[in-house]
Amino acid sequence: MKLYYFVRHGTTDWVENQIFHGISDIPLNGNGRRQAVQTAKALSSASTKHILTSRLSRCRQTADTIGKELKLVPQFIEGFEEMNFGWLEGHPYRDHVKQKHNFLVRFWDFNFHRLIRVISGESQKKFRKRILNVWKKITELDIEGPIVIVGHGLAINKIFIHLFGQQITNGNEYYPFSPCSISEVFIDDFGKAELVRFDDHSHITSIEKD
557 MKLYYFVRHG TTDWVENQIF HGISDIPLNG NGRRQAVQTA KALSSASTKH ILTSRLSRCR
617 QTADTIGKEL KLVPQFIEGF EEMNFGWLEG HPYRDHVKQK HNFLVRFWDF NFHRLIRVIS
677 GESQKKFRKR ILNVWKKITE LDIEGPIVIV GHGLAINKIF IHLFGQQITN GNEYYPFSPC
737 SISEVFIDDF GKAELVRFDD HSHITSIEKD
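All residue numbers for the sequence shown refer to the numbering used here, where the first residue is 557 and numbers rise by one.
Hints may be right or wrong, so weigh each one.
Stated by the list, open to error - Under the rule of at most 30 Å between Cα atoms (straight-line distance), these lysine-lysine pairs were calculated in the DSSO-like manner:
1) Lys681 x Lys558
2) Lys597 x Lys627
3) Lys597 x Lys624
4) Lys558 x Lys682
5) Lys558 x Lys605
6) Lys605 x Lys685
7) Lys693 x Lys624
8) Lys558 x Lys627
Think of the hints as simulated: they come from the structure by calculation, not from any bench.
With the hints as extra help, turn the sequences into a complete structure.
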């Protein structure tokens, strides 16, 4: 049996301005650092001895803050970086989860983004394979107790789709994770996953102006 705490990294200037991150190494902004502190306090009773994280700075900073609270040194997970968006990185995007756009806009964005990723970045298929290979290695680690995993929204999303399909998202193919949210997953000895809590950001206060 194993308990996993999935934490999306704190917010950044690019998150707040809806700009593609991908593998671009953008650090946390002031709000992101505050969120990381709040998340660390929320996990102070997690009884974990292991924090795993992507190498990109927005995850590393979040994990380091959690580690400071728990008196642990985070370990890097090779291959757990966000999707490579290629030429799209650094450019703005429309949020089709939170904003309502008509069919033509959604159709254009989906197909245009997919083409650019395939040409210059990483396809959905390649990204999914990379993340699930990492997840397999994590589940095979011979370590005791709960594990905190600090990662990127799309990377965690691929793991959740793998574990739970679309049952949590009402048929959508995307699990929305708020910055520094905590999602808790229990996996029994037979490999069956149970979602204990999802996208819990009740510990996060409102965004402030620096």
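If you draw a straight line from the CA of Lys558 to the CA of Lys605, is it 30 Å or shorter? Since the Cα atoms of Lys558 and Lys605 sit roughly 13 Å apart, the hinted pair holds (cutoff 30 Å).
30 Å limit on alpha-carbon distance, applied to hinted pair Lys693 and Lys624: 25 Å, holds
Measure nothing beyond the straight line between the CA atoms of Lys605 and Lys685; if it is 30 Å or shorter, mark the hint as holding. 28 Å, holds
Can the restraint linking Lys597 and Lys624 be considered satisfied, given a maximum Cα separation of 30 Å? 10 Å, holds
Please work out if Lys597 and Lys627 have their alpha carbons no farther apart than 30 Å. 12 Å, holds
Taking only the CA atoms, is the gap from Lys681 to Lys558 under or equal to 30 Å? 28 Å, holds
Can you confirm whether the C-alpha distance between Lys558 and Lys627 stays at or below 30 Å? 21 Å, holds
Given the hinted pair Lys558 and Lys682, is their alpha-carbon gap at most 30 Å? 27 Å, holds
Of the numbered hints listed earlier, not one is contradicted by the structure.
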